[in-house]
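Generate the whole structure from the sequences, applying the supplied hints.
What follows is the residue order along each chain.
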Amino acid sequence: MSTEVALPVFIPLLAGVLSLMLWRSRKWQRRLAILGTGLLLASTLWLLSSTLDQGFVVLQLGGWAAPFGITLVADLLSAVMAVITGLIGFAIALYSLGTIPDRHEKFGYYPLMHLLLAGVAGSFLTGDIFNLFVWFEVMLLASFALLTLGGERAQMEGAIKYVTLNLFSSALFLSAIGLTYGLTGTLNMADLAYKLSQVEHTGMVNVVALMFMISFGIKAAAFPLFFWLPASYHTPQVAVSALFAGLLTKVGVYALYRLFTLVFVGDTGYTHTILLWSAALTMLTGVLGAAAQFEFRRILSFHIVSQIGYIMLGLALYTPLALLGGIFYLVHNIIAKTNLFLISGLTYRLLGSYDLKKLGGVYRERPGIAILFLVSALGLAGIPPLSGFFAKFLVIKAAVEVEAWVAVVVALSVSFMTLYSMIKIWAQVFWKPVPEDVDATRLRSKERDPGMVWLLTPIIGLAALVVLFGVWAEPLYQVSSDAAAQLLNPAGYIEAVLGVTP
Amino acid sequence: MTEPDKKIMKDNTVILHTAALALLPLQLLFSVFLLLRGHDEPGGGFIAGLVGAGAVVLYLFAHGVDATRRIIRFDPRDLLGIGLLLGTVSAFPALLRGEPFLTAQWWIFDLAGTEIKLSTVLVFDIGVYFAVVGTILTVVVSLTEAEE
Numbered sequence: 005m006s007t008e009v010a011l012p013v014f015i016p017l018l019a020g021v022l023s024l025m026l027w028r029s030r031k032w033q034r035r036l037a038i039l040g041t042g043l044l045l046a047s048t049l050w051l052l053s054s055t056l057d058q059g060f061v062v063l064q065l066g067g068w069a070a071p072f073g074i075t076l077v078a079d080l081l082s083a084v085m086a087v088i089t090g091l092i093g094f095a096i097a098l099y100s101l102g103t104i105p106d107r108h109e110k111f112g113y114y115p116l117m118h119l120l121l122a123g124v125a126g127s128f129l130t131g132d133i134f135n136l137f138v139w140f141e142v143m144l145l146a147s148f149a150l151l152t153l154g155g156e157r158a159q160m161e162g163a164i165k166y167v168t169l170n171l172f173s174s175a176l177f178l179s180a181i182g183l184t185y186g187l188t189g190t191l192n193m194a195d196l197a198y199k200l201s202q203v204e205h206t207g208m209v210n211v212v213a214l215m216f217m218i219s220f221g222i223k224a225a226a227f228p229l230f231f232w233l234p235a236s237y238h239t240p241q242v243a244v245s246a247l248f249a250g251l252l253t254k255v256g257v258y259a260l261y262r263l264f265t266l267v268f269v270g271d272t273g274y275t276h277t278i279l280l281w282s283a284a285l286t287m288l289t290g291v292l293g294a295a296a297q298f299e300f301r302r303i304l305s306f307h308i309v310s311q312i313g314y315i316m317l318g319l320a321l322y323t324p325l326a327l328l329g330g331i332f333y334l335v336h337n338i339i340a341k342t343n344l345f346l347i348s349g350l351t352y353r354l355l356g357s358y359d360l361k362k363l364g365g366v367y368r369e370r371p372g373i374a375i376l377f378l379v380s381a382l383g384l385a386g387i388p389p390l391s392g393f394f395a396k397f398l399v400i401k402a403a404v405e406v407e408a409w410v411a412v413v414v415a416l417s418v419s420f421m422t423l424y425s426m427i428k429i430w431a432q433v434f435w436k437p438v439p440e441d442v443d444a445t446r447l448r449s450k451e452r453d454p455g456m457v458w459l460l461t462p463i464i465g466l467a468a469l470v471v472l473f474g475v476w477a478e479p480l481y482q483v484s485s486d487a488a489a490q491l492l493n494p495a496g497y498i499e500a501v502l503g504v505t506p
Numbered sequence: 077m078t079e080p081d082k083k084i085m086k087d088n089t090v091i092l093h094t095a096a097l098a099l100l101p102l103q104l105l106f107s108v109f110l111l112l113r114g115h116d117e118p119g120g121g122f123i124a125g126l127v128g129a130g131a132v133v134l135y136l137f138a139h140g141v142d143a144t145r146r147i148i149r150f151d152p153r154d155l156l157g158i159g160l161l162l163g164t165v166s167a168f169p170a171l172l173r174g175e176p177f178l179t180a181q182w183w184i185f186d187l188a189g190t191e192i193k194l195s196t197v198l199v200f201d202i203g204v205y206f207a208v209v210g211t212i213l214t215v216v217v218s219l220t221e222a223e224e
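Going down the list, the protein sequences come from chains A and B. Taking the working numbering, the leading residue of the first sequence gets 5, the next gets one more, and so forth. Taking the working numbering, the leading residue of the second sequence gets 77, the next gets one more, and so forth.
No lab work stands behind these hints, which were simulated from the structure alone. Check the hints yourself; a few may be wrong.
Stated by the list, open to error - Heads up, incomplete: computed chain A residues facing chain B, CB under 7 Å, no partners named: (1) Ala10; (2) Leu17; (3) Leu18; (4) Val21; (5) Met25; (6) Trp27; (7) Leu63; (8) Gln64; (9) Leu65; (10) Gly66; (11) Leu292; (12) Ala296.
As the list claims (entries may be wrong) - Derived CB-CB ranges, DEER-like: (13) A:His205 with B:Val165: 22 to 30 Å; (14) A:Arg28 with B:Leu104: 21 to 29 Å; (15) A:Asp441 with B:Arg149: 50 to 58 Å.
Nothing here was measured: the structure is a model prediction, and the numbers come from that model. Every residue, glycine too, gets a C-beta built ideally from N, C-alpha and C.
Here you go:
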């Protein structure tokens, strides 16, 4: 029996409920945050090891056989994403202990954080498309609350765009599910993949596929409906920003990967061409948007958009190497991007601002922090030997192989622009002297700040991973390669879930 | 707008006062009835929770927040927590029998000639009941307190 595939969903749910019950005691909520996310990480590692052993881990919840019940299923892609969820959840929990103000803790920050993680893990592990919708909603509800926690003016402004566009996307998602059910009479993804291949109205299938694509595209912040992301991600607490930056948009990307390798593969010439253009434009608009910004977290937010483009490019090219690169990129990007957000919180703690013009002098006073930033930033830009280099190299090589020259040119030039943005942050925040009107006593103070250890531990850990996946990329490369092979052969997935050969 | 109109609670509505007292136990009983019949017939934790919360909210409108806090004794947030905990915990007993998560476990026994059916499904439903009551009361109580 495969209990391990349900644990990453149930552990954060239980941790969330328990920390809700302990709402009177902040101390216990904080302990539970560490314990819950730590157990989550452990359970996802267990899941990954059994997935590596068995290929697929399937659990029919409640004993109801597929396609009638709800199936939880992990292939390698799901398992890798689950591990990353556990990792980021654990890092954010540590970071939250040092940064989340008392008032936020009192208003239920930790229960919401656990609930969000449960939603993310559920989305990665479910094998039922309606259940996917439900997990999306769990995740979004928690994110709405986390985004507005604190109730500042800027937060409300960002939240309106965030909520409106995400609700629109959910409505579209639900309509698409309804149409799919009308077309095939099933919602189990494996069963759907099998039945859709036998539906005759391919025109209708393409319509439904596009509805899913737009819906997930909004959630992934792909071109053209990405503007909600840079409008909202810089407004909440930095731990919340980092959690969102790492995981939320990637759930949208994961859903695209799942559906457009398993279910909607009948007319790839049509669907994946649209994905290709969307990916190219996403890369370009994201990076150009970042060039115009002078706020630390806004620059990073625009870069989330542009990086999503690379990951989508991997899917759009739809070759073994491209999918491999896409999955590798997904892992690398979640780690590097989350870490950059965490570092922006660190400089905020030292200098009290996110505005590049009001920051400076960090390299002179705290070279260690500057190095940590440099590792993550150069990793993001794709400088060897850091993790981003292999990620970009694989995706671009795949594009060269199928002679998608426009995508190659865009991807390469966007890399340069990314480097430009990172150098801009480096020059402004770390290199230039502290501006005269800025109070830098905290930066210059030699006293030990006891809360600092909660901030530095996850940052150092994630930066170490950025280096590790660069200099020792082989294991991640191997896992991504196997995951891509599984994605390209949907029959294995279908057989694992339904227990029959299609 | 004159000052008293702003308040939800009015001081001198004798009919509402008396009716709320009489209706509260009836509605609560009805909510338990709905909860228990819910497995095979219309009803269930969610609707029962709404009816139960409705009873308390009516009492709150008639008698005010303080009186309501006294009769429910628990903080509504605790009710919500208990409900969610019951709901989550009901997934686990199946593991003890080596069955997948959430598989319904039944204990059917005879009590003085009546067949009693207990199950993890019922535990889940009771959890939903408390979660619904807790959520609605948390919202209504906070809004009323904010207004006062």
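Hints and how they fare:
{"no.": "1", "hint": "Ala10", "in the structure": "holds, 5 Å"}
{"no.": "2", "hint": "Leu17", "in the structure": "holds, 5 Å"}
{"no.": "3", "hint": "Leu18", "in the structure": "holds, 5 Å"}
{"no.": "4", "hint": "Val21", "in the structure": "holds, 4 Å"}
{"no.": "5", "hint": "Met25", "in the structure": "holds, 4 Å"}
{"no.": "6", "hint": "Trp27", "in the structure": "holds, 6 Å"}
{"no.": "7", "hint": "Leu63", "in the structure": "holds, 5 Å"}
{"no.": "8", "hint": "Gln64", "in the structure": "holds, 6 Å"}
{"no.": "9", "hint": "Leu65", "in the structure": "holds, 5 Å"}
{"no.": "10", "hint": "Gly66", "in the structure": "holds, 4 Å"}
{"no.": "11", "hint": "Leu292", "in the structure": "violated, 44 Å"}
{"no.": "12", "hint": "Ala296", "in the structure": "violated, 41 Å"}
{"no.": "13", "hint": "A:His205 with B:Val165: 22 to 30 Å", "in the structure": "violated, 46 Å"}
{"no.": "14", "hint": "A:Arg28 with B:Leu104: 21 to 29 Å", "in the structure": "holds, 27 Å"}
{"no.": "15", "hint": "A:Asp441 with B:Arg149: 50 to 58 Å", "in the structure": "holds, 56 Å"}
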